[in-house]
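J.: Protein sequences, first through last, are from chains P and U. Each residue of the first sequence is one higher than the one before, counting from 1 in the working numbering. Each residue of the second sequence is one higher than the one before, counting from 1 in the working numbering.
Just to be clear, a hint being listed does not mean it is correct.
What the hints assert, rightly or not - DSS-like, lysine-lysine: derived pairs with alpha carbons at most 30 Å apart:
hint	chain 1	residue 1	chain 2	residue 2
1	P	Lys149	U	Lys236
2	U	Lys122	U	Lys142
3	P	Lys34	P	Lys15
4	P	Lys15	U	Lys236
5	U	Lys33	U	Lys134
6	U	Lys236	P	Lys67
7	U	Lys103	U	Lys134
8	U	Lys189	P	Lys67
9	P	Lys34	P	Lys116
10	U	Lys142	P	Lys5
11	U	Lys90	U	Lys12
12	P	Lys149	P	Lys15
13	U	Lys34	P	Lys213
14	P	Lys149	P	Lys34
15	U	Lys142	U	Lys119
16	U	Lys189	U	Lys12
17	U	Lys134	U	Lys189
18	U	Lys169	U	Lys142
19	U	Lys103	U	Lys90
20	U	Lys134	U	Lys34
21	U	Lys236	P	Lys213
To be verified - Calculated from the model, a selection of chain U residues having no Cβ within reach of chain P, i.e. all distances over 12 Å:
hint	residue
22	Asp13
23	Tyr17
24	Ser28
25	Asp59
26	Arg65
27	Val66
28	Arg88
29	Lys119
30	Glu129
31	Glu140
32	Asp143
33	Val168
34	Val185
35	Met210
36	His211
Hints are computed from structural coordinates only; laboratory data are not their basis. Note that the Cβ used here is the ideal one computed from N, Cα and C, for glycine as well.
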Amino acid sequence: MIVRKDLDDGLEQLKSMLLEMGSRVETVLHDAMKALEQLDQESARAIIKKDPELNRLEDQISEVGAKLIATQQPVAKDLRRVLVAFRMASDLERMGDLSVDIAKVVLRMEGETLIKPLIDLPRMAAISQTMIYESIQAYIHEDIDLAYKMANDDDNVDALYSQILRELFTLMTQNPNMISQAMLLSFVGRYVERIADHATNIGESVVYLVTGKRPDLND
Amino acid sequence: MQATQELGLSAKDLSVYYGSKQAVRNISLDFEKKQVTALIGPSGCGKSTFLRSLNRMNDLISGARVTGEIWIEEDNILDPRVDVVLLRQKIGMVWQRPNPFHKSIYENIAFGPRYHGIKNKKQLDEIVESSLRKAALWEETKDRLHQSALALSGGQQQRLCIARSIAVKPQIILMDEPASALDPVSTAKIEELITELKQDYCIIIVTHNMHQAARVSDKTAFFYMGDLIEHDDTQKLFTNPSQQQTDDYISGRFG
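All chains should be built: construct the whole structure from the sequences, respecting the hints.
T.: Structure, rendered in structure tokens:
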């Protein structure tokens with residue numbers, strides 16, 4: 001077997017940058033939800049301030065991938081590795097943005113107290129956080145079963161989201177003065193639901209990487 | 001195979017032996033009209049031997065023996081009764097190094113048609129012009145048709161050889177590394193030409209340049225140690241080959 005050192009080094013670099021992005025996104029979602037539960041303004045501001053680092057990682061992945069295509073002309077699985085890195089980086093970057101959106105909700109709630117204890121939202125976020133972790137694990141170990149598990153987890157997240165919306169709508173109709181915060185909390189539900197969709201996309205990317213086929217796990 | 005595609009050439013259970021060594025092992029492959037098929041594989045994998053057997057070039061090698069069948073329309077061209085000269089009119093060949101005759105540009109093209117019986121000057125003029133046009137060489141040579149073909153650049157000579165093979169109106173064009181001795185600009189012209197020519201011909205090309213195979217061909221066949229490992233749509237083969245050996249080879253990890 002011939003070793004293509006420059007290509008292999010580049011592919012390894014993409015992998016470690018994706019790992020780095022994955023663990024950062026996991027942390028930022030965790031921190032954003034904690035900031036929401038505690039309405040912690042300072043922590044919300046810190047989350048927003050750190051977002052450019054994730055964007056920078058995504059740019060770096062694009063650059064390394066483009067360089068590999070231009071100089072190494074990867075084909076077959078090597079090519080799929082690069083294509084998947086582009087897509088995963090973009091999914092992870094969006095997850096970071098959505099977590100920042102949660103932090104922005106915290107800022108908009110400055111001076112308020114929570115209209116209700118948060119139960120389902122943290123549950124939803126916890127599932128999504130696990131999905132981020134597992135999608136990255138599926139990628140590293142090229143584990144298709146784990147990748148397909150995303151579809152199930154995503155259904156659970158969607159079900160919780162519907163439940164949260166119903167609950168918040170009921171609150172809004174009963175207490176008009178809660179409308180503004182209930183709206184913000186339903187936005188958070190939407191953000192978390194989107195994060196789970198992006199984790200599911202990563203599951204799809206893993207299936208594509210391993211099999212060359214493109215399933216739709218978001219259906 | 002899609003029903004809409006017409007078969008240009010079909011090899012069935014083709015084997016080629018050099019003495020006791022089997023260089024090509026029981027290969028069956030269909031080549032469709034109006035398509036380019038690339039044959040790829042490491043040196044010694046049998047792809048050139050296979051290509052050469054398609055117009056019976058291996059007849060010229062002592063100790064070479066070919067078994068199986070090669071069908072063009074209703075004829076099995078391995079049948080000893082087949083007229084090899086007529087066969088090579090149907091199947092043109094372009095080699096790795098351009099090999100124009102030591103004659104004028106005009107005579108290089110007119111040679112084949114004249115050999116096959118066309119004597120009329122006007123008719124020959126037309127064939128020379130249309131062949132050079134098809135080979136994208138007319139504009140560069142129309143004012144110097146009677147100068148020596150050897151004065152042309154390497155890339156032009158190769159296009160001249162393609163024009164020469166077209167002049168006898170073949171159905172199939174075989175190309176053995178047609179651009180490997182050319183610079184990148186000439187290579188690009190040859191590749192563009194191949195894409196043009198496939199409108200009219202069934203083209204089979206052997207290339208060591210994997211990316212050239214990916215660029216110019218519709219189908220790719222991967223050979224290894226005399227076996228056909230994989231044959232599929234080029235796009236499929238270069239993004240998601242079904243055999244690990246193919247993946248390793250096109251990724252530059254062996255061969």
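J.: Run every hint past the structure and note whether it holds.
T.: Evaluated hints:
1. P:Lys149 to U:Lys236: The hint holds at about 27 Å.
2. U:Lys122 to U:Lys142: holds, 16 Å
3. P:Lys34 to P:Lys15: Between Lys34 of chain P and Lys15 of chain P the Cα gap is close to 29 Å, so the pair holds against 30 Å.
4. P:Lys15 to U:Lys236: Since the Cα atoms of Lys15 of chain P and Lys236 of chain U sit roughly 25 Å apart, the hinted pair holds (cutoff 30 Å).
5. U:Lys33 to U:Lys134: holds, 18 Å
6. U:Lys236 to P:Lys67: holds, 23 Å
7. U:Lys103 to U:Lys134: holds, 20 Å
8. U:Lys189 to P:Lys67: holds, 26 Å
9. P:Lys34 to P:Lys116: Holds, at about 15 Å.
10. U:Lys142 to P:Lys5: At roughly 50 Å apart (the allowed maximum being 30 Å), Lys5 of chain P and Lys142 of chain U break the hint.
11. U:Lys90 to U:Lys12: Judged against 30 Å, a Cα distance of about 19 Å means the pair holds.
12. P:Lys149 to P:Lys15: Holds, at roughly 21 Å.
13. U:Lys34 to P:Lys213: holds, 28 Å
14. P:Lys149 to P:Lys34: Status holds; Cα separation ~26 Å.
15. U:Lys142 to U:Lys119: holds, 21 Å
16. U:Lys189 to U:Lys12: violated, 33 Å
17. U:Lys134 to U:Lys189: holds, 12 Å
18. U:Lys169 to U:Lys142: Cα-Cα ~21 Å, so holds.
19. U:Lys103 to U:Lys90: Between Lys103 of chain U and Lys90 of chain U the Cα gap is close to 23 Å, so the pair holds against 30 Å.
20. U:Lys134 to U:Lys34: Between Lys134 of chain U and Lys34 of chain U the Cα gap is close to 15 Å, so the pair holds against 30 Å.
21. U:Lys236 to P:Lys213: holds, 11 Å
22. Asp13: holds, 29 Å
23. Tyr17: It holds; Tyr17 of chain U is separated from chain P by about 30 Å at its closest Cβ, greater than 12 Å.
24. Ser28: holds, 24 Å
25. Asp59: It holds; Asp59 of chain U is separated from chain P by about 36 Å at its closest Cβ, greater than 12 Å.
26. Arg65: Holds, since 34 Å exceeds 12 Å.
27. Val66: Val66 of chain U clear of chain P: closest Cβ-Cβ about 32 Å, beyond 12 Å.
28. Arg88: Check passes; 35 Å lies beyond 12 Å.
29. Lys119: Consistent with the label, Lys119 of chain U stays out of reach of chain P, its closest Cβ about 51 Å off (over 12 Å).
30. Glu129: holds, 39 Å
31. Glu140: holds, 31 Å
32. Asp143: Correct as stated: the minimum Cβ-Cβ distance to chain P is 40 Å, above 12 Å.
33. Val168: holds, 37 Å
34. Val185: The assertion about Val185 of chain U holds, with a minimum of 19 Å to chain P.
35. Met210: violated, 7 Å
36. His211: violated, 6 Å
In summary, the structure is inconsistent with hints 10, 16, 35, 36 from the numbered list given earlier, while agreeing with the others.
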